Amino acid sequence: MKSFEFLSKKREEKPRNCGITMVLDKGLGLETANSLMDISGEYVDYLKFGWGTSIVHEQNIIKAKVEMYKEHEITPYTGGTLFELAYKNDKLNEYFKEAHDLGFPAIEVSDGSVNIPREDKLDCIEMAVDEGFEVLSEVGKKNPDLDKELSLDDRIKYMDEELKAGSSLIIVEAREGGKNIGIFDKSGNAKEDEIDYILDNVDGNKILWEAPNKDQQVFFILKLGNAVNLGNISSDDITSLETLRRGLRGDTLGKI
Amino acid sequence: MKSFEFLSKKREEKPRNCGITMVLDKGLGLETANSLMDISGEYVDYLKFGWGTSIVHEQNIIKAKVEMYKEHEITPYTGGTLFELAYKNDKLNEYFKEAHDLGFPAIEVSDGSVNIPREDKLDCIEMAVDEGFEVLSEVGKKNPDLDKELSLDDRIKYMDEELKAGSSLIIVEAREGGKNIGIFDKSGNAKEDEIDYILDNVDGNKILWEAPNKDQQVFFILKLGNAVNLGNISSDDITSLETLRRGLRGDTLGKI
Amino acid sequence: MKSFEFLSKKREEKPRNCGITMVLDKGLGLETANSLMDISGEYVDYLKFGWGTSIVHEQNIIKAKVEMYKEHEITPYTGGTLFELAYKNDKLNEYFKEAHDLGFPAIEVSDGSVNIPREDKLDCIEMAVDEGFEVLSEVGKKNPDLDKELSLDDRIKYMDEELKAGSSLIIVEAREGGKNIGIFDKSGNAKEDEIDYILDNVDGNKILWEAPNKDQQVFFILKLGNAVNLGNISSDDITSLETLRRGLRGDTLGKI
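Chains as they are written, first to last, in the working numbering: chain A, -11 to 244; chain B, -11 to 244; chain C, -11 to 244.
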């Protein structure tokens, strides 16, 4: 039961089809993560075990964290860099098997660091779906120079193809920093015309915008409404983002 | 019992009339907050449940956190944005009742985001005091353009009026970021002449300066001494601030 | 047991002679620190109780934290500012005694904030070694203007002298911020030629580079390999650094 409910805007309940929040776990302790989910887990839909962090932690702790997140009705998934490493090393079957063993219901398929031919990426998405995973796929390169080579029309074509191949959500890359990458310029400001163009061509509910900084979160909420899907949220900012979505913080109060 | 006490400057003990530290809780888990208070709670005087965060968390967790903070002799209080929403929605009575039910001994009265006529704000302070709350009131606007419209003489007049209406402390707005707001310029540097002018006209022990960044904390301690009241301190920085106050960190060592 | 081990580069096991990670504890709660060490403590070699933080916490909590870190095969040590205060107040014997009582196996000897004649600093290192401590000593001043007065040849001479006096590692100062100090310029970029010159003259395995920011960590790993010693790592970034060292994050994937 909540207090002050007479002051709050309504929000979609879980499982949500929009207004999704994806949080980045950079290596939280099990008890600390559990304490955080007890207070704010209802506002988290997806939980990414960032990049290759799942390699360096003990299996029993990863399993316990995966289980704990699932108890909070959160979908935990492995970061895209891990998939890319498996692809690069020709170890996809082993990768899928171990991800299953750890209990992950979803994985990310990306090509941000490793060069993967389009056909292969789409095959991988289909293969992962066949293996029983929900697939989130990411469009964009981690290297800003390579990322700039991707035209907007390419991005849109890729998004469309990946959704058709079975991805449930398309992640628009912004990294943990959110600057000079994808739809953000060097100062971290969003390129509004590019976002409009993407949304003219792709179903917005299928897009998860990485928006690690508060200003970016405010921008998206004010531009696209509080049911926008946002990702790479710091675990420290889960509650803040939920209040931004509901107009309970100065930046969005009275504006949504 | 402490170690190395022969190296430490003395500080006021709780309950303190000056040298107050106010910490911002953005949504800490109960156990994590408790662990933090066990080690550093003695250096925290006020604990703000930031803006509207109290709306989105379960009552039983908020009650448990409020109780826990009080056991550490800390005064927990609800953020000003929550008050402003209640005012705007004409729900002040319900607001006071639920804040009481959750166990909050204090509330913040502000007009940073919502336009509240002066008379109404002063009435609200008196009303909250009558309801049994300690009141901290804030002077300043969250929107930098609106904030700049407030002259220094207005600020001083407002502080004076609000203290007379019953506020125990006046908070000088700097938000979580501490830049381009109130007495901080765009780079987060303090405007020293404005601070001097305020202190020529208002009792410094009644002012709580929001100073979220370390450089700002150092500035205030070096300028006004270690018994300055500082607020919007990140929960990660409680111990750091206490060492700055005592000359136990490079920035203030040998200087206070 | 780890998952996805077929994707991982090997790393030195503890106790490590190179590839050392030193983490800064700014005042973590005992339970929170323990939860973090359970998941990532195997990647931490040294744990610094930052500057004078050990003065303001209760002895029983410090003892429990020291013990907990040691159980994770981590060497906890007291920050250099504490040593400098003891020197300045002519309380070195009391300082050594209390550090022993708290269970610290190591201390830092620095002169970043207090002016200590060279001979005295070297004597202090010898004295601490005689008292049974492992000594990490730091070269550099916390004040950027004073720090700039130190020539590179002076730094190298000092490093050499301090190693001979008994220091196990020489820390190159960068503070918590990592900008405009030591080998970092105002933007936090490393001065590569100075690093080369130092490494031409001092054994790299004996140097611990403070590198608080991710870009700095990436720089050192790409320049000097993943067995570089890095310090002042935020407790939030332990796992991230380990993945950077192993090429499991985009910044170093395929590059080491």
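No lab work stands behind these hints, which were simulated from the structure alone.
Since the model is a prediction, treat every value here as computed from it, not as a measurement.
Ideal Cβ placement from N, Cα and C applies to all residues, glycine included.
There may be inaccurate statements among the hints.
[Claimed, not checked] Derived lysine-lysine pairs resembling DSSO-like cross-links, with alpha carbons at most 27 Å apart:
id, chain 1, residue 1, chain 2, residue 2
1, B, K167, C, K202
2, C, K14, B, K(-10)
3, B, K(-2), C, K51
4, B, K179, C, K211
5, B, K211, C, K174
6, A, K14, C, K58
7, C, K211, A, K167
8, C, K58, B, K202
9, B, K202, C, K167
10, B, K136, A, K243
11, A, K(-2), A, K58
12, B, K243, B, K(-2)
[Claimed, not checked] Per label pair, the in silico range of CB-to-CB distance:
id, chain 1, residue 1, chain 2, residue 2, range
13, B, E180, C, G120, 16 to 22 Å
14, B, Q47, C, K58, 29 to 35 Å
15, C, P93, A, K152, 36 to 42 Å
16, C, L138, A, D133, 48 to 54 Å
17, A, D181, B, Q47, 40 to 46 Å
18, C, P3, A, N131, 32 to 38 Å
19, A, L138, B, E180, 44 to 50 Å
Quick rundown of the hints versus the structure:
Distance hint between B/K167 and C/K202 is fulfilled; the C-alpha atoms sit about 24 Å from each other, no more than 27 Å. Pair hint C/K14 plus B/K(-10) holds up; C-alpha atoms about 17 Å apart against a cutoff of 27 Å. With a C-alpha separation of about 23 Å, the suggested pairing of B/K(-2) with C/K51 holds against the 27 Å cut-off. At most 27 Å may separate the alpha-carbon atoms for a hinted pair to count; B/K179 and C/K211 exceed this at roughly 42 Å.
Between B/K211 and C/K174 the CA atoms are separated by roughly 25 Å; this keeps the pair inside 27 Å, and the hint holds. The straight-line distance between the Cα atoms of A/K14 and C/K58 is roughly 24 Å, inside the 27 Å bound, and the hint therefore holds. The straight-line distance between the Cα atoms of C/K211 and A/K167 is roughly 24 Å, inside the 27 Å bound, and the hint therefore holds. Using a Cα cut-off of 27 Å, the hinted pair C/K58 and B/K202 is violated, with the two alpha carbons roughly 31 Å apart.
Of the pairs offered as hints, the one joining B/K202 and C/K167 holds, with about 14 Å between alpha carbons and a cut-off of 27 Å not exceeded. Note on B/K136 and A/K243: the hinted pairing holds, with a Cα-Cα distance of about 21 Å set against a maximum of 27 Å. For a cut-off of 27 Å, the pair hint linking A/K(-2) to A/K58 stands: about 24 Å separates their Cα positions. Of the pairs offered as hints, the one joining B/K243 and B/K(-2) holds, with about 15 Å between alpha carbons and a cut-off of 27 Å not exceeded.
Separation of B/E180 from C/G120 is about 49 Å and departs from the stated range, judged on CB atoms against 16 to 22 Å. Under the hint 29 to 35 Å, the C-beta atoms of B/Q47 and C/K58, about 41 Å apart, miss the expected range. Roughly 60 Å separates the CB atoms of C/P93 and A/K152, a value that falls outside the hinted 36 to 42 Å. Between C/L138 and A/D133 the CB atoms are about 37 Å apart, so this pair departs from the stated range of 48 to 54 Å.
At about 45 Å, the CB distance of A/D181 to B/Q47 agrees with the hint of 40 to 46 Å. Hint check: C/P3 to A/N131, Cβ distance near 36 Å, so the stated range 32 to 38 Å holds. The hinted window of 44 to 50 Å between A/L138 and B/E180 holds, with their beta carbons roughly 49 Å apart.
Violated hints, listed in ascending order, are 4, 8, 13, 14, 15 and 16; each of the other numbered hints is respected by the structure.
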